[in-house]
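Full structure from sequences and hints, please.
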Amino acid sequence: MGVQNGQEKEPILTCDNQNQIINLSKFNLNEHHTSLLNKGLSFVPTPNTNKFNWVKDTNLFGRKLALNVIHKRRDQKTAKEIGMSYEDFQTHQMLVFLLDEQNPDFKLTDLKPESWFTPNLSKVSSVDLFIQMTTSAIESLTTSEVLHDNLTAQQRKALKELNTDRNIIIKPSDKGGNVVIMDRDHYIDMCMEHLKDTSAYRKLTMDPTTLYLSELKHILDAALENYIITSDEH
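Numbering (full-length UniProt numbering), first residue to last: 1 to 234.
Note that these hints are calculated values from the structure, not bench results. Since the structure is predicted, the reported quantities are computational estimates derived from the model, not experimental observations. Incorrect hints may appear among the rest.
Unchecked claim - Only pairs whose alpha carbons sit at most 25 Å apart, straight line, appear in this in silico PhoX-like list of lysine-lysine: (1) Lys39 to Lys157; (2) Lys123 to Lys72; (3) Lys39 to Lys123; (4) Lys171 to Lys157.
Claimed, not checked - Okay, the calculated beta carbon distance ranges per label pair: (5) Met192 to Tyr212: 18 to 28 Å; (6) Lys72 to Thr210: 45 to 55 Å; (7) Gly40 to Met84: 14 to 24 Å.
Virtual Cβ for every residue (Gly too), placed ideally from N, Cα, C.
Now the structure itself:
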């Protein structure tokens, strides 16, 4: 595995046709670290199989579908009661919304707490059937059938070693899309040197948090007084 050898060394460069790896750290890269890093920092490893999360996401998606169906049925019922077609009712609702947007004297935001209401799926049989069939298909899958791993076992080990080593920083280079590995202490020292540049940075004489909170309170108070937000939102 890669280790910190505790000695300064010349930068080590490895490259292929796509990426160049510049190792400025004391971490010793082996061929598996290198092959992994050559994939680039935007590379996404195949996630671990988690059937529970898939079933959960299926039910959350089904909830959204069911809510859309129920809201549409409600609007269709309202349109029928007032003698309008559903299409005309939708147009009417949009016009009302646009008129409210243009009213400068009374405007409230649409901010509201997230709803966790889950409709009775027995009232939306098609969605209920979709959830049952999808869940059954997920639970019948074996691990080998789910996903093809895009990393070898050695690359997985290399990924864990790089990810858990708190002594290094892995960053993209400023130009060229290369991968740079630096010792964390050196990286922090370099950042601090940048902050010492008085032509670009100025040291604060006080903590501005209190001032920002005061300004935010003033903005919220004004928004409440002008009916831009409700008292609950305030």
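Okay, the hints, checked on the actual structure:
1. Lys39 to Lys157: holds, 15 Å
2. Lys123 to Lys72: holds, 13 Å
3. Lys39 to Lys123: Given that 25 Å is the threshold and the Cα spacing comes to 49 Å, the pair is violated.
4. Lys171 to Lys157: With a Cα-Cα distance of about 20 Å, the restraint between lysine 171 and lysine 157 holds, given a limit of 25 Å.
5. Met192 to Tyr212: 18 to 28 Å: Holds: the Cβ-Cβ distance is about 25 Å, inside 18 to 28 Å.
6. Lys72 to Thr210: 45 to 55 Å: Since the Cβ atoms of lysine 72 and threonine 210 sit about 49 Å apart, the hinted range of 45 to 55 Å holds.
7. Gly40 to Met84: 14 to 24 Å: violated, 56 Å
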